[in-house]
Amino acid sequence: MKTRTPTPIRDSNGLGVRSRLIAYALAIGVTLATLGLRLWLSELFGDRPVLVLFLLPIILSAYAGGLGPGLVATLVTALSVDYYVIQPQHSFAFERPADFAQWLILLIVGVLVSVLNESLHRSRRDGNTNGDEPVKSLAAERKVRAGFAFALACLGGIVIMSYFSLSRLREDAALLRRSDEVLGCLHTLMSTITDAETAQRGYAITGEKSYLEPYKDAEIAIGGELSTLRELTEGRSDARSFDELKPLIRERMDFLGHEIAVRRDEGFAAAQALTLTGEGKRLHDRIRAAVDVQIARELGLLRERESADGHASVVARGVIFGGGGLAFAVVAVSLFAITRDFAGSRRAEIALREARDRLEDRVRERTQELERRNDALAESERRYRGLAQLSPHAIFTIGHDSRVAFINKAGLKLFRTDSLEEVLGRSPLDFFHPDSREDVQRRMMLLFEKPRSMSLVEEKMILTDGTVIQAEVAAASFEDEGTLVIQVVCQDITERKQAELSVARLAAIVESSEDAVISKNLDGIITSWNHGAEVIFGYTAAEITGRPITTLIPPDLIEEESFIQSRLKRGENLPHFQTVRVKKDGTCIDVSVTISVIKDRDGRVVGASKVVRDITEQKNAERGVLHERNFSKAVVDSLPGVFYLYDRNGRFLRWNKNFETVSGYSAAEMAELHPIDFFNGADKERVASRIAEVFAKGESAIEASFVTKNGEEIPYYFTGKRISLDGEDCLVGVGIDISARRQAEAQVSELNADLERRVLERTSQLEAANKELEAFSYSVSHDLRAPLRTVDGFSQAVLEDYGPELPEDGRRYLHTIRRGAQQMGALIDDLLKFARLSRATMEFEQVDMNRLVQVALIDLRINPDDSRVDFRLGKLPPCLGDAALLRQVWVNLLSNAVKYSGRREKAVVETGSQTKEGATVYFVKDNGAGFDMRYADKLFGVFQRLHRAEDYEGTGVGLAIVQRIVHRHGGRIWAESEEDRGATFYFTLTSKEMP
Amino acid sequence: MNETSSIELLLVEDSPQDLELALRALRKGNITNRIEVARDGAEALDFLFCRGAYAARSITDVPKVVLLDLKLPKVDGLDVLRQIKADPRTRAIPVVVLTSSREQRDLVESYELGVNSYIVKPVNFESFTKAVQDLGLYWLLLNQPRRVE
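Listed in order, the protein sequences are those of chains A and B.
One point on numbering: in this note's numbering, the residue at position 646 of the first sequence is 646, and numbering is uninterrupted.
One point on numbering: in this note's numbering, the residue at position 31 of the second sequence is 31, and numbering is uninterrupted.
For reference, chain B alone in the conformation it holds in the complex:
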């Protein structure tokens, strides 16, 4: 519990390969602490709203940023985004969509739901690494999130 209380980054990713690559990229960028991984939308929501396996968590202990894939089992990424932005307790959490989809439709809907950034995952690993590292740096280190008291 103690561990979870200091979670700074929630990575929601179903693909184990992409997950490994993302974690590798973050690690390479020295962003290794307090990363929680959710493998589907439901798990991500449980974590954020302190339900199910994460019922012991305090809802006020929000991550600094959520990296969210859109194509997720159980609960779709856009649904997760919608629920985060619909709840006043979680609304302030910066959400970065990290997806393979270049569909305009997804992009437009994400922004309408209040996403903070939208990143298309490139095939090229170097580009991917760079994108993830940049994101991590920005949201974790530079950005001063609004504290929900």
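Next up, chain A with everything else stripped away, as it sits in the complex:
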């Protein structure tokens, strides 16, 4: 609490007025805020004031501002609480004494708290002004004051609480008394009513008027008793329940009056009858019940009050004894504390006096000792300075003012100066590199804190001439003439550092080298082994160090080592040579070795350093290149054609043996020739342009005549491809002799021409034959028929002109001649028709077969509806074919069918189609003579007939014609028959179905 004392209060003067005003404002503000809070929380607390809340702002104000603000806060609280919080609100009156008690306690506590805090402030202010001496007495005084104040507060509380407890007890006793009176009154009322009833009954039985006396008394008494009861319960919340009794009693009394009147006026019987209704008894019972309820309630009230009374007296006792005891205890504790403090301070005073005496003695002793020591120190310093001057290390001293106070000669030398002035009095930081300054400064601060020494560190220093050096610095601080000074020793280590660095660098180079770096002594024992050696040979440094170098040399080369040793002993280096060494796993590797002697300072050879490089890969690559070269040479030489390689200038770089053989030029001549020199005439330009194309586009090819040395020209096919050799574009290619191919080509074209000629020849022959054939058939058509017509015509003329004169046989002969001639004519016609079929060109089209059948019947001059033949014409699918030829097919087949069924009484000819294996099959069926299936193969031959001419006329060409037409349509024709049982002719037109 003490340390958190607010600043404004501490200064009572100067700024005090202002801070006081602030304290007052704070007091009012906090109080009003609390009031607001309390009002805001009204719902939570109900009508209980909870004034304890207001202690908080009072204590705060008193604590912050002392008496004045505390009292202001208390006053404002008391007034505002009375007006706003305590019932009745908005009035300064008190409804309940208990509230008043609380309010009073708050007021008193507030005043007390203010007083107490004021005293605290005052004592604190005193304490501050008087130094730290009275802290203890302040504590004691505060305890005493606080204790007494608290005791007073307790006593005040007790007095107030006792007063209220007592007045409460008095009130309760009055209430108890009143309850007893109410009970008595109720009992009296009940007995009065009973008396009235008894009187009525007596009168009813006897009819004696004297019995009515108690009734009349009761009439009068009841009014008084009821008003007494009313008075007693005046102001009580249950007063109205007593009012309910009044009408009941009134009714009962009226009924009693009525019964009496009935007895008086109508006699005993009527009264008895009225009594027997039970009305009177019911009313009486209701009154009794109501009174009993009231009595029970009153008794309950009484018990409650008695227990409240007991409780209140317990509280009063608790307040008196508890408060008294607490006050006593506080006073007792305060007394104890005071006593103890006084005793303690007395003891402390005695101890302090003794200690002061002892201290003075020791100060005296110490002073003497210091004087002695100072003398010794001066002596020692003199000696030390002498020593410092002699030291080979730079030594300087930094005084407490952080300036250089002393420097020895070695120091001046290190700083590269002769004058002390350049160093003394300057800040030591001036001599350190900016990178180091922060570090140095920090260390100086540590050294100036207390005597201590600092271990050796490396720092960069700047000398008087500006040179930067690396220095080792050690420092220590010690007390000198009462102040701390720092002694610094430093040493220039620049050279040493550089040496270390170069050694480290060398080691790093050796270690990082991919080559094996090995050293050995003169006995051939390995003494060092780097990482490269580990990689190349497979031994770790630990494994191989100490073993002879001959471990690495293959047995068959072991003599090499003695040669090397002898050279080394003479001090000769061995510049690099290639040899073979053995790895840890026994495999041999190709290596390149360089050996240099190691000499000591005196120039004696003490060993050798070997640098070994693994050149296995390089060797392998060399072997690979050699192999590749041999391979390509073999390939080039074995090429069947000529091979060449030349540069942009046409200079031949390489060629194969075959080139020389074919061209006839020697190698020496070749070197002088240009590629173009191997061509003649127009080829020169063509080849030159293709060569240019190769260099421009990458590749090309050409056929040209290769001209040999002796002028022979051979057809060749040359290729060229651009390649880059050593950064220069060259042309590489081969030439192949194509004379054989040329010859073959010539032969082929000759053969072709021959073939063509022969085809033409054959064609014209065929054309001629065709023409002849045409002329022949024309002649047949024209010339053969003319004589027949003559025969027929003149036979007819004979018959017409001389018929009657001729004998019967003569006429018959002439008829036979005519028939023969006509038969011959028909034959010729059919044959010509048949011959024409092979020549006629066919025009394929969609053909309606149904229509063709109709047309054929018309051609045959048959009317199907009006014929002795029964035509059954089925519906036929269309087909693709030559309509004219197909018409002939139908004509021939139908005429055959009609012809061969002509002898039937009922001839039937049927046409139709069926689908067989995907093809449409047309058929013509008759029920005529039919034929023997054994001769079916002869059916379609020219002039082949299966019937005798006198039975059925015909030329034997009709079916041959039909077959030829069907075949020309790619179809097939066949017949099925049985002799005398009719025949069926089937045909298809294409092996495939119509599209």
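In short, the hints are calculated from the structure, not lab data.
Heads up, some of the hints might be wrong.
Going by beta-carbon spacing under 7 Å, a handful of chain A positions derived as facing chain B [claimed, not checked]:
id : residue
1  : D82
2  : H782
3  : R789
4  : Q796
All values derive from a computational prediction rather than experimental measurement.
Note that CB positions come from ideal geometry on N, CA and C, so glycine has one too.
Please arrange chain B on chain A, whose structure you already have, making use of the hints.
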């Protein structure tokens, strides 16, 4: 000359048998008057164009119809047809080819040259007679030729 001036039918036929049969058929059909017969193509052309033996004829006196065989000596029947149809004076004369040839080639060429009818001579004499008679009737009696004035 007078006779020739009234020639109504020119029959060009080299075969004497066919000629006799044709004349017999015409005669049987009562077509006997004013028939001139030429035995080859040249003679037929001479008659029609009034040349040679027929130089005295008037070219305007044209026959009503020419029955022309195709296979003729000297000048072929088709040539005769071509010349008749090529000359405006004779173009109007109806020409009926009467031949043994059933060759399509002949038929097509004849029609291309402007023939008026093409009859194949049948072997059967009755048919032949009927064909000739029908032709004669049609061209001589029924058909009204265009008069060249």
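Results for each hint:
For D82 of chain A, the suggested interface contact is broken, since its CB lies about 152 Å from the closest CB of chain B, more than 7 Å. Interface hint at H782 of chain A: satisfied, since its Cβ lies 4 Å from the closest Cβ of chain B, which is below the 7 Å cut-off. The criterion of a C-beta within 7 Å of any C-beta in chain B is met by R789 of chain A, whose closest approach is roughly 5 Å, and the hint holds. Annotation: Q796 of chain A was flagged as interfacial toward chain B, and the flag holds, the nearest CB pair being 4 Å apart, inside 7 Å.
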